[in-house]
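Q: Residue numbers (the numbering used here), protein chains in the order written: chain R, 90 to 499; chain S, 2 to 161.
Hints were generated in silico from the structure; no laboratory data involved.
Owing to the predicted nature of the structure, the values given are computational and were not obtained by experimental measurement.
Just so you know, even glycine gets a beta-carbon here, dropped at the ideal spot from N, CA and C.
Please note that a few of the clues may not be correct.
Using 25 Å as the maximum straight-line C-alpha spacing, the simulated DSS-like pairs for lysine-lysine come out as follows [stated by the list, open to error]:
1. 97(S) / 136(S)
2. 458(R) / 142(S)
3. 82(S) / 136(S)
4. 97(S) / 492(R)
5. 82(S) / 142(S)
6. 82(S) / 97(S)
Examples of chain R residues lying across from chain S (beta carbon under 8 Å, computed) [as the list claims (entries may be wrong)]:
7. 437
8. 438
9. 453
10. 467
11. 468
12. 496
So the chains spell out like this:
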Amino acid sequence: MALDVAALRAQFPLLARTVHGRRLVYLDSAATAQKPLAVLDAMDRYYRETNANVHRGVYTLAEEATAAFEAGRARTARFIGAADPHELVFTRNATEAINLVARTWGAANLGSGDVVVLTEMEHHANIVPWQMLAAERGIEIRWVPIDGSYRLDLTDLDTLLDGARLFSFTAMSNVLGTTNDVPALAAAARRAGAAVLVDACQSVAHEPTDVSGWDADFVAFSGHKMVGPTGIGGLWGRREVLEAMPPFLGGGEMIRDVRKEGFTTNDVPWKFEAGTPAIAEAVGLGAAVEWLDGVGMAEIAAHEARLTEYALGALADRFGDGITIYGPATAEGRGSAISFLFRDIHAHDISQVLDEDAVCVRAGHHCAKPLMRVLGVPATTRASLAMFNDTDDVDALVAALAKAQAFFAL
Amino acid sequence: MPGLEDLYREIILDHYRAPRNRGELPAPPATRVEGFNPLCGDEVVLYLEVGPDGTVTDVRTAGQGCSISQASTSMMSAAIKGRSVDEARRLIRAFKALMSIHESKLEGGDATAATEEALEGVRLGDLEALQGVVKFPVRIKCATLAWNTLAQGLDEATGA
Chain R
90 MALDVAALRA QFPLLARTVH GRRLVYLDSA ATAQKPLAVL DAMDRYYRET NANVHRGVYT
150 LAEEATAAFE AGRARTARFI GAADPHELVF TRNATEAINL VARTWGAANL GSGDVVVLTE
210 MEHHANIVPW QMLAAERGIE IRWVPIDGSY RLDLTDLDTL LDGARLFSFT AMSNVLGTTN
270 DVPALAAAAR RAGAAVLVDA CQSVAHEPTD VSGWDADFVA FSGHKMVGPT GIGGLWGRRE
330 VLEAMPPFLG GGEMIRDVRK EGFTTNDVPW KFEAGTPAIA EAVGLGAAVE WLDGVGMAEI
390 AAHEARLTEY ALGALADRFG DGITIYGPAT AEGRGSAISF LFRDIHAHDI SQVLDEDAVC
450 VRAGHHCAKP LMRVLGVPAT TRASLAMFND TDDVDALVAA LAKAQAFFAL
Chain S
2 MPGLEDLYRE IILDHYRAPR NRGELPAPPA TRVEGFNPLC GDEVVLYLEV GPDGTVTDVR
62 TAGQGCSISQ ASTSMMSAAI KGRSVDEARR LIRAFKALMS IHESKLEGGD ATAATEEALE
122 GVRLGDLEAL QGVVKFPVRI KCATLAWNTL AQGLDEATGA
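With these hints in hand, go ahead and build the complete structure from the sequences.
A: Following this line, the structure appears as structure tokens:
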């Protein structure tokens with residue numbers, strides 16, 4: 090069933106505002122999504138009615154706060170298909186989740202000469218933590234290349250994975266939009282005896298997620314890209330893997346006992362959650378996934394695929410060779426992020442002209458500079474579509490690009 | 002609301018479309034220096050030739066970036082060619098002061114005394130067209146990239 094986009098839009102208070110007196114055309118959900126009223130209300134209600142620290146007090150408020158926080162975890166765990174809520178560690182975002190793995194699992198399992206395999210389409214968040222380990226302990230990083238159709242070139246995958254300890258890859262590129270076949274990649278890693286980390290930061294907001302079916306060890310994601318608040322994200326990990334890992338940050342909450350001589354750690358997931366966590370944000374994230382499930386992730390994916398197909402067609406029809414799209418040419422096997430070069434106009438100049446028409450797009454390297462170097466471009470413009478976008482938004486993008494072309498007289 | 006014509010003045014677009022002094026110089030004897038804006042990936046490469054009398058006898062520019070960074074690079078190269086290193090340094094201070102006026106006004110005051118002093122007696126000429134950039138704070142770094150790179154290059158060329 091097609092989404093009622095007008096009704097969805099009405100649930101996002103921010104989308105009702107204007108910019109420079111014009112209807113807001115928000116095409117930057119791959120950077121961060123806007124928030125529906127259900128999320129804002131849940132967080133507001135938490136602060137107005139419940140606020141107390143969690144896992145501490147025995148008074149009613151504290152119990153309610155703890156229950157709300159853990160309910161946010163359980164609801165989010167269910168959303169991503171986790172069998173056990175205790176396999177979901179709250180982090181600040183996907184970046185912190187990947188760093189957590191690098192710092193704890195990596196510290197326990199990776200030494201000089203050990204191999205971590207990444208892909209050329211990774212975000213810096215899934216590159217730099219491993220490069221830090223490479224600098225500190227001499228691990229080796231190998232890269233799965235992309236091919237001419239902006240998909241992973243798996244020709245030499247088994248060779249690249251040979252002897253590897255970890256294969257860490259994105260489920261959906263934030264630049265190309267390309268979706269990767271997570272179960273197949275995980276299976277290849279398993280055959281080589283490598284552990285598997287999936288960066289689901291983009292995919293989790295755009296298609297149904299079932300971590301139980303992925304055969305991964307770790308899955309990282311951010312709340313703010315899935316209509317939830319900033320400041321909270323998740324690391325899902327297989328329970329036995331999490332239990333074998335050393336702790337991350339030290340402090341309150343993550344301990345079972347502390348003596349002058351030392352400490353013992355709490356159970357997972359709290360072992361990895363030192364300090365007062367983002368409680369209202371956990372409540373907000375729970376509301377966000379509840380809202381997403383209410384709309385239906387399969388319906389969202391279908392809507393975005395139709396809209397992506399429309400956008401790819403509209404851009405090609407209007408501008409032909411004047412536009413180069415860096416990503417799969419059809420909506421098949423891709424998400425809704427559309428990166429492009431337009432004429433010879435720099436992405437920042439395009440974004441500036443589009444802003445006149447209240448069209449919000451991302452310009453730059455999208456925190457994926459190794460990929461940009463592979464593509465041979467310094468920067469691209471990226472329009473990314475979400476469930477609240479419609480063909481009017483795409484038409485506004487096309488019209489604003491035509492204006493940019495006229496303005497720069499190219 | 003500042004309009005696009007405040008940012009993209011005709012002279013800026015002219016320098017963007019037809020950048021002056023593009024190319025390279027053999028280095029050495031010329032000084033080659035690179036500047037990057039890590040946020041947007043803009044890149045400026047300068048080749049500076051400074052004569053024994055302290056005159057910038059030749060300048061060439063390379064690199065890539067948005068219209069503002071490339072136009073600013075082009076305008077800068079035209080402005081310093083044939084000038085003394087001291088004059089070029091005064092121009093850098095004056096240009097950066099021009100770019101900071103908006104910020105000091107936002108902080109509630111007028112242009113600071115240091116800003117006025119830096120601008121005093123310096124003819125910016127065409128470069129004043131770039132003043133509109135200050136109304137678009139995220140673009141200021143695009144405009145100043147070439148000038149920060151020039152400051153570094155002059156230091157290297159003169160062994161300062």
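Q: None of the hints should be skipped; say for each whether it holds.
A: Each hint, compared with the structure:
Our distance criterion of 25 Å between C-alpha atoms is met by residue 97(S) and residue 136(S), whose separation comes to about 14 Å. About 19 Å separates the Cα atoms of residue 458(R) and residue 142(S), which keeps this hinted pair within 25 Å; it holds. For the suggested pair residue 82(S) and residue 136(S), the alpha carbons sit about 28 Å apart, so the restraint of at most 25 Å is broken. Between residue 97(S) and residue 492(R) the alpha-carbon distance is near 32 Å, which puts this suggested pair outside the 25 Å criterion.
Proximity of residue 82(S) to residue 142(S) is assessed by CA-CA distance (about 23 Å); at most 25 Å being required, the pair is judged to hold. Among the hinted pairs, residue 82(S) with residue 97(S) is consistent with the structure: their alpha-carbon atoms are about 18 Å apart, no more than 25 Å. Look at residue 437(R): its Cβ gets to within about 4 Å of chain S, closer than 8 Å, so that hint holds up. The interface hint given for residue 438(R) is met, as the beta carbon of that residue sits about 5 Å from the closest beta carbon of chain S, less than 8 Å.
The interface hint given for residue 453(R) is met, as the beta carbon of that residue sits about 5 Å from the closest beta carbon of chain S, less than 8 Å. A hinted interface residue such as residue 467(R) counts as satisfied when its beta carbon comes closer than 8 Å to some beta carbon of chain S; here the least separation is about 4 Å, so the hint holds. Because the closest C-beta pair between residue 468(R) and chain S is about 5 Å apart, less than 8 Å, the hint holds. The beta carbon of residue 496(R) comes within 7 Å of a beta carbon in chain S, closer than 8 Å, and the hint placing it at the interface holds.
Going down the numbered hints, you'll see the structure goes against 3 and 4, while the others check out.
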